[in-house]
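S.K.: So the sequences go chain by chain: A and B.
Residue numbers for the first sequence follow my numbering, so the first one is 1189 and each next one is one higher.
Residue numbers for the second sequence follow my numbering, so the first one is 1219 and each next one is one higher.
Think about it this way: if two alpha-carbon atoms lie no more than 27 angstroms apart in a straight line, the pair counts; the simulated DSSO-like pairs of lysine-lysine are: (1) B/K1390 <-> B/K1324; (2) B/K1384 <-> A/K1282; (3) A/K1351 <-> A/K1402; (4) A/K1282 <-> B/K1387; (5) A/K1351 <-> A/K1460; (6) B/K1390 <-> A/K1282; (7) A/K1243 <-> A/K1274; (8) A/K1274 <-> B/K1390; (9) B/K1337 <-> B/K1256.
To spell it out: a stretch of chain A is covered by chain B in this simulated footprint if at least three of its residues, at any positions, have a beta carbon under 8 angstroms from a beta carbon of chain B; those stretches are: (10) 1222 to 1231; (11) 1239 to 1247; (12) 1284 to 1295.
Hints in this document: simulated from the structure, not taken from any laboratory.
Note that CB positions come from ideal geometry on N, CA and C, so glycine has one too.
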Amino acid sequence: MDTSPSSPPTKKRKMATDTTAAEQEHQFPLPAILTHPSATPPILITQGAEGRLYKTTFFSPNIPCALKYRPPKPYRHPILDARLTKARLAFEAKVLERCRREGVPVPAVYAQNAAAGWIAVEWIEGAPVRVKINEWLGQRPKNEEEEKAADAKDQGPLVELMKRIGAAIAGLHRTGVVHGDLTTSNMMLRPPTRKTTRTTEQPNGVSEEEAKAKLLEGYVVIIDFGLANQSQSDEDRATDLYVLERAFASTHPRAENLFEHLLESYKQTFGKKGVSVLHKLEDVRMRGRKRSMIG
Amino acid sequence: MALETLQIEHVPSDHHVYAALFRDVQNVDFLQAQLIGKNPEFEYAFIDASVLISRTHLFAAIFRALNTLTEGTLQTPNVHSDIVIGLSPTNNISESYRRYGLTPFKTRDVLVIKVVYPKLSSENSTISSSEPPTPESTWQHLTTHIQGTPVPVTDEELAKSTDWAKVRKYYKLNGVPGVERIDTADEEGRRREMEGLVVSGIALRGL
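Model the full structure from these sequences, guided by the hints.
M.R.: Spelled out as structure tokens, the structure:
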């Protein structure tokens, strides 16, 4: 569970290929809760190191939900396994509720059975920030000279997004929670509630330019609190930012130079505390480098 | 009007949940007396509708109770009383009955839930007739004994009964930053945010 600063966790999510729910049932046994009838069959979305994520509906057929299931680990003693699974899920649920009350953008908890190893949370529409940023970067000119020219003016929406991310993380840290696994995959960009942009790919009225500007629109929602911790210390907060910085540099190398905007907005939102966290971040960076050199 | 069969996701198919809403109920004291006297013919969850904000809110409590039922970890004598305390974000059972159940001369609108499921022989209910109740017989029984006006269990009808001051107090929603940061003009946004917190409160009780 530890996330040493020198090695940002690489718990990469593999998107499930387009198989039908029936095929998937053969792949993994469903948790008991998902064997009961529902309007739409549960779909396996991702398979992480700790658990599986299913998309299903909860309470009513019109309420989509994400159900996270931590299957028992056969290599652990059953009693220890049950206890760890229960404690971690309970903790995740409590952190989510706390964030939600404090106004930090996270999914709501719909139901949980920590003993049985599952938690059902609100389904966040939209796409991971990682996908959106890469889509955005992919649209920009490939040619290096052109890119330089474009860099100067064109980054507005991406800078804005970085600022929103920084503010969201500051809000999270202010509630006394550190995420433990901040990456652009663990943030969703929820599109604005009006769903007019969804109708067709490229309606006649919307120019390419406008569509592009819309790409990075949306509300940043932080997800996956499986590694979260309660902490108020600058050290832990700085480590959180450092992990994101490293992850960001490797997933979006072309936008690495924009990370400072995220930190700047973090500092602005967080005030005095933010200044000392960023100060600590310098230390963590240094130490991170040192460690990798001794390696 | 008739009894509604609730379709709740991820509930075992042999568990049936029926619901009805009665407005301006005149004999709340009689209904409560049946519960206190453990009258086996009145195995219902009677909920004071003023604490309910929506169907989703109601479903969260029912789901929780059905989950404890199938796990065999009921906290109260039966699944119906567990639905009532299932609404509570706290562990105080008698307080939960007071807040979410019937209060004579105070409760006006009553939401009734009936759960029918195959009982094990060990938990043989004392109901004299061995026939499991049907929606028709349940509806008949309810309309005979509840002196009130039946209305459909819709979000609109539930919203008419909601006492927000109580909901905010019971679910500790006063002065919560997550709600306060939403513009007061955005009533629907506030309502949704509070619904999310209420459902989370129900889901997290006991952790």
